[in-house]
Amino acid sequence: MEPHIQVRDLNVYYEKIHALKDIDLEIPRHQITVIMGPSGCGKTTLLKSLNRFLELNESTRMSGNILIDGEDIYALGVDVTEVRKKAGLLAQHPFPLPMSIYDNVAYGLRIHGMCPNGRSVDAKVQHYLLEAGLWEEVKDRLHFPATGLSVGQQQRLCLARGLAIEPEILLGDEPTSALDPISAQHIENRLMDLKNEYTIILVTHILRQAKRLADYVVFMYLGKVIESGLPGEIFDNPQEERTLAYLEGQF
Amino acid sequence: MKARRVLQPIWFSSVLLPFLNRRVKDRFVGGAFFLITILPFAILLVVIVSLILRTQPILSAHSIGELLTGQKWYPLKGQFGFFPFIAGTFWVTFMALILAVPPCLLSAIYLSEYCRPRISAVAKPLLDLLAGIPSVVYGVWGMVAIVPLVQVFSSHVNKWLGFIPLFSKNNPTGYSILSGGIVLAVMITPFIIAVTCEVLRTVPDGTRLASLALGATKWQTIKYVVLPQTRSGIFAGVVFGASRALGETMAVLMVVGNVAKVPSSIFDPAYPLPALIANNYGEMMSIPLYDAALLGAALVLLIIVLFFNLISTIALRHIIGRSKI
Ligand SMILES: Nc1ncnc2c1ncn2[C@@H]1O[C@H](COP(=O)(O)OP(=O)(O)OP(=O)(O)O)[C@@H](O)[C@H]1O
Ligand SMILES: [Mg+2]
Chain Z
1 MEPHIQVRDL
11 NVYYEKIHAL
21 KDIDLEIPRH
31 QITVIMGPSG
41 CGKTTLLKSL
51 NRFLELNEST
61 RMSGNILIDG
71 EDIYALGVDV
81 TEVRKKAGLL
91 AQHPFPLPMS
101 IYDNVAYGLR
111 IHGMCPNGRS
121 VDAKVQHYLL
131 EAGLWEEVKD
141 RLHFPATGLS
151 VGQQQRLCLA
161 RGLAIEPEIL
171 LGDEPTSALD
181 PISAQHIENR
191 LMDLKNEYTI
201 ILVTHILRQA
211 KRLADYVVFM
221 YLGKVIESGL
231 PGEIFDNPQE
241 ERTLAYLEGQ
251 F
Chain D
252 MKARRVLQPI
262 WFSSVLLPFL
272 NRRVKDRFVG
282 GAFFLITILP
292 FAILLVVIVS
302 LILRTQPILS
312 AHSIGELLTG
322 QKWYPLKGQF
332 GFFPFIAGTF
342 WVTFMALILA
352 VPPCLLSAIY
362 LSEYCRPRIS
372 AVAKPLLDLL
382 AGIPSVVYGV
392 WGMVAIVPLV
402 QVFSSHVNKW
412 LGFIPLFSKN
422 NPTGYSILSG
432 GIVLAVMITP
442 FIIAVTCEVL
452 RTVPDGTRLA
462 SLALGATKWQ
472 TIKYVVLPQT
482 RSGIFAGVVF
492 GASRALGETM
502 AVLMVVGNVA
512 KVPSSIFDPA
522 YPLPALIANN
532 YGEMMSIPLY
542 DAALLGAALV
552 LLIIVLFFNL
562 ISTIALRHII
572 GRSKI
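In the order they appear, the protein sequences are chains Z and D. In terms of the working numbering, the first sequence opens at residue 1 and continues consecutively. In terms of the working numbering, the second sequence opens at residue 252 and continues consecutively.
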């Protein structure tokens, strides 16, 4: 099957820090790709390169290509907002927008003009809150400020909000690391349900979570991809010593 | 006996004295800080009380309503109407706000949301520098640069828009509300920009990134996410600027014409309260009630400015309280 995302010869620099070195990756469609590696190895940087968040920082430079569905997202004339609409981000800490729960989900619909007639907004808000597993808990207080939710609920709200713009790709940067175990479990279950429709890239430090979720594993170290492959190969029979060392908790 | 005499000083100096010392020192320092902290409030209280006392003579001769709404100011005839001065104060302040607020908000948004960090690192200290220019310098600048310009400009405007009272020219000179407003606008610009920038900084970056990650443009993010959250803080900044403008004396006095008449056009001269007090206090004090009238004007000014500061503090409190959630 044709990979959904191709990363070719990607190099990223922050000033003088060489954060990503010669990255070549193919990310399969409609599967969960888990990126692992010790702190500072460039996982967040790699995710940021996929939704063009790197360019928000003046001092970054990059070279190489990233293709989604065969099209270079950094090509001239590509609309960056379209790229970000295609690749939604679930950050480590939930940041609800300063508006109601309802408006948080409707925000993306509105800015992209996805609901020309107001009626369908209600239906979509409900749909995506259901999909994020939050509907039952918030259906009676949709028009209350989103900041009133618990952190775990906020993270699911961020998921709903991200799904509402109908992305193809979900980028999760340690999305459960700030959550309690039950909320984390919630998010994990959601991701499992969603992988039939979305290509999911998940950064995690939690080995057990990686083993539970991964269809494809990428191991990074000091800005390089050391090894990538199916979970069976990487977890049970790593080819590289550094992967083995990481799996054994040596970093 | 002997042992005790030796023991006692040791016991006293090594155990009790340092102990007492620390306690005493602590209480002393706490008390001193407390006194120093309440000093400004005490001074404010003294100012208000003494103004009220010194205003008594005129309050017993005229009613408050009569003074505040009276249009005539003829000290020699015993007529003391504050209304032209109150109106002049608000006209000039309002003019300054109309001129200053839109560009200030835009440049604050530019400095904190759009420009490279390096540009704002240069621009913000420069703005602080502007804030430090003595007001008499602004006044002189207004006299040599703004007043003549306004004089020419007002003739042209009068030709086309003179039928509208707000733009009619009843005054051959350029000493006018517009001149005063322009000078004041320039003076309060650094304050409004600085407060607005601070307020915009209370929005966490994560919130902006959340909006951008959804594919919003920068402007959509500012309009729908950043500005709604900071509305009351920006309002506080504007009111803060207004309260500075209300009390500003020297620069305004030099360009505003100082005619004790209720203005009706932006090209009319005005006579704001601070200018009235600064120009007249200490002269011709033998006129009966004159002293009390001027101090009454000071009291009115003080109350207006305190009121504006109060509003701005409440609005700021509101946004700071919320950004902590
Ligand atoms: N904005 C930045 N400016 C300068 N250097 C940065 C910046 N962001 C990241 N770096 C550097 O780039 C390298 C990779 O950082 P990155 O955040 O991608 O690591 P990570 O794998 O996500 O780590 P963690 O697991 O701790 O989140 C690090 O050496 C980091 O210091
Ligand atoms: Mg990271």
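Honestly, the hints are just simulated from the structure, not real lab data. Careful, some of the hints might be misleading.
Partial selection, computed: residues in chain Z whose CB lies under 7 angstroms from chain D [unchecked claim]:
id, residue
1, 78
2, 79
3, 81
4, 89
5, 169
Built from N, CA and C at the ideal position, the CB exists for glycine as well.
Now the hints, each set against the structure:
The restraint placing residue 78 of chain Z at the interface with chain D is violated, with a minimum CB-CB distance near 13 angstroms, outside the 7 angstroms limit. Because the beta carbon of residue 79 of chain Z sits about 9 angstroms from the nearest beta carbon in chain D, more than 7 angstroms, this interface hint is broken. At about 4 angstroms, the closest approach between the beta carbon of residue 81 of chain Z and any beta carbon in chain D falls short of 7 angstroms, and the interface hint on this residue holds. Of the supplied interface hints, the one on residue 89 of chain Z holds, with its beta-carbon coming within about 4 angstroms of a beta-carbon of chain D, less than 7 angstroms.
The beta carbon of residue 169 of chain Z comes no nearer than 12 angstroms to any beta carbon in chain D, farther than 7 angstroms, and the hint placing it at the interface is violated.
Checked against the numbered hints above, the structure breaks hints 1, 2 and 5 and satisfies the rest.
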